[in-house]
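A.B. asks: With chain Z fixed as given, assemble chain D onto it according to the hints.
Protein chains: 2
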Amino acid sequence: MPTIDGARVVADLRRLADFGRYKTGVHRPTYSPEDVASRQWLAEQFAAAGLDPVIDGIGNVFGRNRQAARRLLVGSHSETQPYAGWLDGALGVVYALELARAFAADPAGAGLGIEPVAWADEEGHYGNMLGSRSFTDGLTDAEIAAAASRDGKPLRQALADAGYAGRPYQRLDPSRHVGYLEAHIEQGATLETAGQRIGIVTAIIGAWNYWVTVTGEQNHAGTTEMRRRKDAGVALVRLATAIHDRFTAIAGPRTVWTIGRMLLDPNAPSIVPGRAEMQVQFRDTDTAILARCEDALVELVAAADRAGPCRIALTPLSKSLPAAMDSRFQAAIAEAAERHAPGLHRHMPSGAGHDAQVLARRLPSGMMFVPSIGGVSHHWSEDTSEADIVLGAQVFADAATAILQNEVD
Amino acid sequence: MPTIDGARVVADLRRLADFGRYKTGVHRPTYSPEDVASRQWLAEQFAAAGLDPVIDGIGNVFGRNRQAARRLLVGSHSETQPYAGWLDGALGVVYALELARAFAADPAGAGLGIEPVAWADEEGHYGNMLGSRSFTDGLTDAEIAAAASRDGKPLRQALADAGYAGRPYQRLDPSRHVGYLEAHIEQGATLETAGQRIGIVTAIIGAWNYWVTVTGEQNHAGTTEMRRRKDAGVALVRLATAIHDRFTAIAGPRTVWTIGRMLLDPNAPSIVPGRAEMQVQFRDTDTAILARCEDALVELVAAADRAGPCRIALTPLSKSLPAAMDSRFQAAIAEAAERHAPGLHRHMPSGAGHDAQVLARRLPSGMMFVPSIGGVSHHWSEDTSEADIVLGAQVFADAATAILQNEVD
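One line per chain: the protein sequences are Z and D, in this order.
Here the first sequence is numbered in numbering that gives the first Met the number 0, starting from 0 and rising by one per residue.
Here the second sequence is numbered in numbering that gives the first Met the number 0, starting from 0 and rising by one per residue.
Looking at chain Z on its own, in the form it has when it is part of the complex (with noise of 0.2 Å):
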């Protein structure tokens, strides 16, 4: 059985979140210097563990394995978000080095293709996780052409700047792989609150986004009667708190829903809002669940609108599907993880959206989670106890050796 070297995994973390660390986190947007640097370190480290290192035209990493007939491809993706933590996607990336590295050295391993890939942007800062999108064709030309960062700058441009133009894609040759194993921290506290060390992931939750525009009417917050108003703000906040009520009442045991982003327009203290807005989102692994909440959330603007005296829209921006990790997938993380840590595991949904949902849609994918200490994630202070970083490296060795196996089998 290939054993993994838990101080490499640990020096190999640490060594790739030198490229942009923030005190204790890491600031590595997709394409950014430091982004770019960090990806051409990865090929490398690919090269060094016997594998054919590309960088495609998206700037996803892979290591090719030319010794092994069927492969597994293992990975996550290697930015960061802004000043967030040092793990994250990161930790999956190394894992799967390790793995091509354990798998090369070991026997057992041999025939065994470990594939480990770095995806590109899954965090968004030009796109809806390009990477895996672009390798899975899920991503179309008129998308790339049309994207851009959050402060405008073109993702053709971006990839032009880290020499990624003009570079071919790589696509997916569903012969070519068993499946897609990837690992994460689990970016909440469900393990660290059970004092449990690892997670089987059951589901990757589909999250449903909708923009609401109220237009209401600005004025002077002195000289305007309560009777002639149309204040945009007193609509958004009824609205917010009938949609908290309605979901309260109708979600499933695991929907989470939140509103995390609202506007005033213009936002001053003595103007009567003429303008407001805000972003509603729901998650769940089961679509039905997410259907129904979809038809509150209409019904409920629709009722908002006709009350007046504001005019209220809703507008939808995105709905990922939930993806539903493989069985065979699942039990083999679980076996591993019995024998490393037994008892001290569970299967668990994703609130949160990873490669893995991408790459479900073509091939049989799998997931497993590490701790998060006290929960973090998305902030440079997120961490993981080297003792679970290295547990979870050799649980997830010890999954792909046994998918891997009963393949060939």
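Stretch by stretch, here's where chain Z covers chain D in the computed footprint (C-beta under 8 Å, at least three residues):
1) 186-197
2) 202-211
3) 214-221
No wet-lab data here; the hints were simulated from the structure.
Glycine residues also receive a C-beta, built at the ideal position from the N, C-alpha and C atoms.
C.D. replies: Just chain D, lined up with the frame of chain Z:
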């Protein structure tokens, strides 16, 4: 009876609007080069009207009248809100200039002294009614030293750049003036809606302002289960809704309340807000109603804080007290309005704050409104018909005459 020159009033208003012209309005923040130039121009007009012009240490422009024994102080402010209207306070300043000229030219005005004034920074670019508060001794050196614009420019630097540093501050000598009279656009649609042309201000509202801070816990919007959340945004919209409901129940007939400014932090769609803030403002001419609203606000915030899971704190920001206008001044304006626009005038409170509420603490004060087209204010499209501008100037002159004659008799 002094007769105003309507064409001259309109021409002077148009000339004054050249300083900082923006579309059909004006962008002339206090102490900007355009504001400083316009104050110089006003001083020259005061001199041309036979007055001694004085620009004092805070930027107030006075036209001192040597002829009269006792005088009526007449004016308003001359700077504007950003990208705002051409009339607003400028209307009252040009009315004051015109009254000074009309009184000087009319034999019946002999011995009746108009002293025009253009106050500085009623619009609050650097502080709270700096000019009129400086004049009435309500502005301390400490406040001047601490004051700065929103973008951080210290008031002292602005005064030095304007050329006002080291000039003496003009202070109120109560024996010099029989009172203070101010004209302004209504900034609301009450007059227009009623088809009326003159508003006689009964009282200027007091405005009480509070800052509400909600402290929750910032988290990932996908991985954090609802029961574990401390969503500051949810707490904010629920509290805002409760405030709107309660105030609807306890408000007086003319109370207005506004939540014009709300902030979520970090205000990102996929992050549970860890912090949320809003400004709550209410206005009334009745201090008892203001106190009732404050009691309700304190109680609602305390209840929301107790209910959890977020902590909610209330910080008072400012409380201006309502100011009643002098009843004899109201009668003089009403009599003049009835003469020139029979039946087309009304007594009304001012929902906006004005320098007259500062002056009213020290001198008998009166205020007159002309209609705002569409009720628009603090926007470059603000306007008043020429006929209303001219009518207002004559009513204002007649009222000033009556006030001074009553005083002399």
